[in-house]
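Colleague: Let the hints inform the model, and build the full structure from the sequences given.
Just so you know, the sequences run in chain order A and B.
Take the first sequence: its position 384, counting from 1, is numbered 1110 in my numbering, and each next residue is one higher.
Take the second sequence: its position 152, counting from 1, is numbered 878 in my numbering, and each next residue is one higher.
Hints in this document: simulated from the structure, not taken from any laboratory.
Model, not experiment: these values are computed from the prediction.
Be aware that a few hints might be false.
Because identical chains share one entry, a pair is satisfied inside a single copy or across any pair of copies.
Unchecked claim - Below, simulated DSS-like cross-link-like pairs (lysine-lysine); rule was C-alpha separation at most 27 Å, straight line:
hint, residue 1, residue 2
1, K940, K794
2, K734, K794
3, K943, K734
4, K737, K943
5, K943, K794
6, K734, K940
7, K737, K794
8, K737, K940
Number of protein chains: 2
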Amino acid sequence: MSTAPPIKLSKRWHYASEQAISFLMQQAVENTDVVSLAAGLVDFASLPVNETREAAHALLADDAAARKALQYGTTAGSDRLRTLLLEHLARLEGTDVSELGIDRNQLILTTGSQQLLSLVCEVLLDPGDICMVAGPTYFVFLGNLNGVGAETITVHTDDDGMCPQALDEQLARLEQSGRLDRVKLIYLVSYYDNPSGRCLSDERRGPIVDIARKWSKHHRILILEDAAYRELHYDGPTIPSVWSHDTDHNTVVYTQTFSKSYSPGLRVGFGVVPTELVGPLCDRKGNEDFGSSNFNQHLLARVLESGLYESHVEEVCAAYRSKRDAMLAAADREFAGIDGVSWVHPHGGLYVWMSLPEHIETGFRSDLFQMATQRHGVMYVPGELCYAGPVANRPRHQMRLSFGVQTPEGIADGMRRLAAAVHELL
Amino acid sequence: MSTAPPIKLSKRWHYASEQAISFLMQQAVENTDVVSLAAGLVDFASLPVNETREAAHALLADDAAARKALQYGTTAGSDRLRTLLLEHLARLEGTDVSELGIDRNQLILTTGSQQLLSLVCEVLLDPGDICMVAGPTYFVFLGNLNGVGAETITVHTDDDGMCPQALDEQLARLEQSGRLDRVKLIYLVSYYDNPSGRCLSDERRGPIVDIARKWSKHHRILILEDAAYRELHYDGPTIPSVWSHDTDHNTVVYTQTFSKSYSPGLRVGFGVVPTELVGPLCDRKGNEDFGSSNFNQHLLARVLESGLYESHVEEVCAAYRSKRDAMLAAADREFAGIDGVSWVHPHGGLYVWMSLPEHIETGFRSDLFQMATQRHGVMYVPGELCYAGPVANRPRHQMRLSFGVQTPEGIADGMRRLAAAVHELL
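Modeller: So, in structure tokens, the structure goes:
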């Protein structure tokens, strides 16, 4: 036992100390026999073992290339991979590299896209600065905002994503109350949002960029576009990014990751950032780690060059499409008869967002959560974690249901268990 | 051209915006024909291509193991690697795992040891908090301290490292001036210091832990032991860590990396931390990146298990030993005749620390730096970067000379060029 005087932690640590994810992981550890519809892991069966084996073999058979990969890289990351990512981005946007309007120096490679999200908060936000978000939104990013002491303001959101008109009105109100000068960021998960599965509609993308510009009166209001799920697209139209509407590429910070479409274990993500942010983000990243794994960047470059990546993404999407269908079918089967229950039909991503009747709370301390985990052996992410502000003011009757990890049979089983828990409460 | 309003960066970014390393890298890019005695890269020839090929082959041939490595890991890192690191640490300390007095949950795997250094600053230090350092010390860590707005106080340092008596006296003075309550950290590069090459002597290690305890009156004063160069040991005694003197393991945060002894491209480092710090550090790391590359952790575990690691370290040390000898021989040849020039003879690490006559400044704007880079084609790290406080108060006549990257012939050539530049100024 330690009898030493206590360690005095920083104020910043106290800002960030409420980590819902830790509680969830603890629950998972303590309840190993539950069917988890909570975990954000990706499908085990479609992890790219063969593709990575081929790429590693080719990389490590080439002595000079292998040495380069095993040496330090630069803070911003491998030139080779960044060049390939320009081509990749152009393909996703349905255009040519020459039409993108950026060069590779505006790309920064990070440890997953999570590190890019964190770095943007670090270099941009002081305590009391404001970030506008959708409701619900990605709960880990809410932790990043808390971690820098920023204020989070939720903008009305519907099935087409954040509402431009509501955003405009919120910003007008902030100007009236003399607080527009604190607004620095608008955060959007633009494709198959975590947790809601919603896709920001094509029609809303340009207007949101215009609104950010319109209200950039004191300083530039940036948009942080989190496109983590972009390539997990199962049906419906393919839509150009919010970033593509920012023709000067000075307002939108775009970020994407290979964690969902290829392998989270490699931890390779990237950001496309306005020229003026490259230096500040690299300075900060230099302090944090001087650059993410150079080896993995070279490995992923081989995967992209070989053409193995695109065929793998097709396989991954086919696997997730059938899982999504399994979850929606199970929702119809198990929940369609319950009054006041509704859910979003996602066209991509990993999540189905379900709303229960308002009097059924879903939080960690709720009867439903206890009953679901203890008696029926199923776990979900409580929806209230995905909103900013005091818990009392948040919607508390929703759930994020993930179809990423379970098999279609596991999904059907989990949904049956969940419905049983809900029925027991009704 | 951007005509948008300016981006308003955070205060924290402004703290951290003076990045000497960026200037050095820029110089390296602009002067590709110079012999760099500045770069902190490791020896290209001894990068572990064969070892990594074998480990990758074994890992990716085992389908279940490969999937586990390609999936998300935990924020603290792979259990398997952490278990192996306990054995590794026990070997280095000359003891058994059962005698270490910690368990694997006190190990956190990071993106190089740099990320551990950064995380400790984040969770511990508020603006105005004080960290005691040696003079000179690792300049990137000074950037971390600046980045959180901490105050850095330099403790008198000689060829045996930081002087315990001087540390004790400084802390007494801080108490007298009512500032002891701001002291939170003592930072030590305990083996073959970057930049000075000095090793903190065995006799000083226990007393420094005792002093940290003695002055822990308001809260616990922690020691951050940076053992990045520990395994690059060429001659002289092997010394147990400072951490080994902290028998309760509640005062010293120990950090080490595989960047120097194996491969920086994998970016695997680790920390051994007091129990109470595990949660805060993992919370912060969760916000930054949810964990470093799981794949690389599994790869390195294979390397350690196979026994390939220890034989590789022997090869690496043999290569660096001959490079160190080449640099010391060249220093004797080129500089012994110059009055007022002296240098440290390191028993490990990657650096020779050289002092010139006091009137010869070595900074980026100095005549010597210009002459060395522009006319004589050689580059070094100016010693003044490795001190805290206003530049005017720092020693400005020293240089960090790295023998890591160049061949013995390149080292001889670089030292000849450097001596020519110095002679021209005398």
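Colleague: If a hint holds in the structure, say so; if it doesn't, say that too.
Modeller: Outcome of the hint check:
In this assembly of identical chains, K940 and K794 lie within 27 Å of each other by CA distance neither inside one copy nor across copies; the values are 46 Å within and 48 Å between. In this assembly of identical chains, the alpha carbons of K734 and K794 never lie at most 27 Å apart, being 42 Å within a copy and 37 Å across copies at closest. Proximity of K943 and K734 under a CA criterion of 27 Å is satisfied inter-copy only: 12 Å between copies versus 40 Å inside one chain copy. Taking the closest pair of Cα atoms, K737 and K943 come within 27 Å of each other only across two copies (20 Å); inside a single copy the shortest separation is 31 Å, beyond that limit.
In this homomeric assembly, K943 and K794 never come within 27 Å of each other (Cα to Cα): the closest approach is 46 Å inside a single copy and 49 Å across copies. Proximity of K734 to K940 under the C-alpha cut-off of 27 Å is restricted to the inter-copy arrangement: shortest distance 16 Å between copies versus 44 Å within a copy. Within a single copy, K737 and K794 get their C-alpha atoms no closer than 41 Å, and across copies no closer than 36 Å, so neither meets the 27 Å cut-off. For the identical chains of this complex, K737 and K940 are inter-copy neighbours only, at 25 Å across copies versus 35 Å inside a copy, given an alpha-carbon limit of 27 Å.
Checked against the numbered hints given earlier, this structure breaks hints 1, 2, 5 and 7; the rest are met.
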